[in-house]
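Student: Sequence:
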Amino acid sequence: MIGKLTGRLDSTFDGGCIFDVNGVGYLVFCSARTLTALPAAPGIGALLIETVVREDAILLYGFADATERDWYRTLTAIQGVGPKVALGLLSTLAPADLARAIIAGDKGAISRAPGIGAKLAMRLVAELQGKVGSLPTGPGFSPGTVTIAAQLPPADQAQADAISALTNLGWKRPEASAAVNRVAKRLGEGAELEPLIREALKELAPR
Numbered sequence: 001m002i003g004k005l006t007g008r009l010d011s012t013f014d015g016g017c018i019f020d021v022n023g024v025g026y027l028v029f030c031s032a033r034t035l036t037a038l039p040a041a042p043g044i045g046a047l048l049i050e051t052v053v054r055e056d057a058i059l060l061y062g063f064a065d066a067t068e069r070d071w072y073r074t075l076t077a078i079q080g081v082g083p084k085v086a087l088g089l090l091s092t093l094a095p096a097d098l099a100r101a102i103i104a105g106d107k108g109a110i111s112r113a114p115g116i117g118a119k120l121a122m123r124l125v126a127e128l129q130g131k132v133g134s135l136p137t138g139p140g141f142s143p144g145t146v147t148i149a150a151q152l153p154p155a156d157q158a159q160a161d162a163i164s165a166l167t168n169l170g171w172k173r174p175e176a177s178a179a180v181n182r183v184a185k186r187l188g189e190g191a192e193l194e195p196l197i198r199e200a201l202k203e204l205a206p207r
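Counting from 1, one number per residue, gives the positions in the sequence shown under our numbering.
If you're looking for bench data, these hints aren't it; they were derived computationally from the structure. There could be a bad hint or two in this list.
Result set (DMTMM-like, lysine to aspartate or glutamate): computed pairs, CA atoms no more than 25 Å apart in a straight line [what the hints assert, rightly or not]:
(1) 107 to 192
(2) 107 to 161
(3) 131 to 106
(4) 131 to 189
(5) 84 to 192
(6) 84 to 97
(7) 84 to 50
(8) 119 to 106
(9) 4 to 70
(10) 185 to 161
(11) 107 to 203
(12) 202 to 70
(13) 202 to 192
(14) 202 to 56
(15) 131 to 194
(16) 84 to 189
(17) 172 to 161
(18) 84 to 70
(19) 131 to 50
(20) 119 to 56
(21) 4 to 56
(22) 84 to 106
(23) 131 to 56
For each label pair, taking beta carbons as the anchor points, the in silico distance ranges come out as [what the hints assert, rightly or not]:
(24) 133 to 173: 52 to 58 Å
(25) 174 to 43: 29 to 35 Å
(26) 57 to 104: 16 to 22 Å
(27) 164 to 52: 47 to 53 Å
(28) 73 to 160: 33 to 39 Å
Quick reminder that beta carbons are idealized off the backbone N, C-alpha and C, glycines included.
Make the full structure from the sequences, and use the hints.
Tutor: What follows is the structure, encoded as structure tokens:
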């Protein structure tokens, strides 16, 4: 498996580049931010690499720094987020901006990225809000400086709001209500909105 490439930038294209290492040209897919960070061709640079092995291809994804690579790994672990969608999101929002959007529950900012609709943006917020603090974001970022748009409601209202959120995402009210009720029983009295939605999305996800 390839973890890093150091060589000469041969050329770039929309969504990636060709990296020349000792005469071998590697096709590497990158975010727009990583492409901007590379030296102009034919400059010498380095890329951290994630190797994806498929039945029909071996694909390389490159990152200018470990921060973006770690976010890529986290994003692609979420159902519905493949490498292309993750790179599109990282091209749209820098890691610090993405962290702010997740903490604030700003689904509109997240859904600006190609391939991310309202439902997937909701899932990203629900699944990553509790993880942002452990992810690198670059200098000058503090989660405490992010303003959350609204306080979470009381438990019974939280369940009603969770059901409403799921129906707005396209699920029928009976199945949304059943999923939220199952999650509420499992989480216990006082369950808040964010975990209710996150766990209900898992209940409703196709298996």
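Student: Check each numbered hint from earlier against the structure, then list the numbers of those it violates in ascending order.
Tutor: Hints 5, 14, 16, 20, 23, 24, 25, 26, 27 not satisfied by this model.
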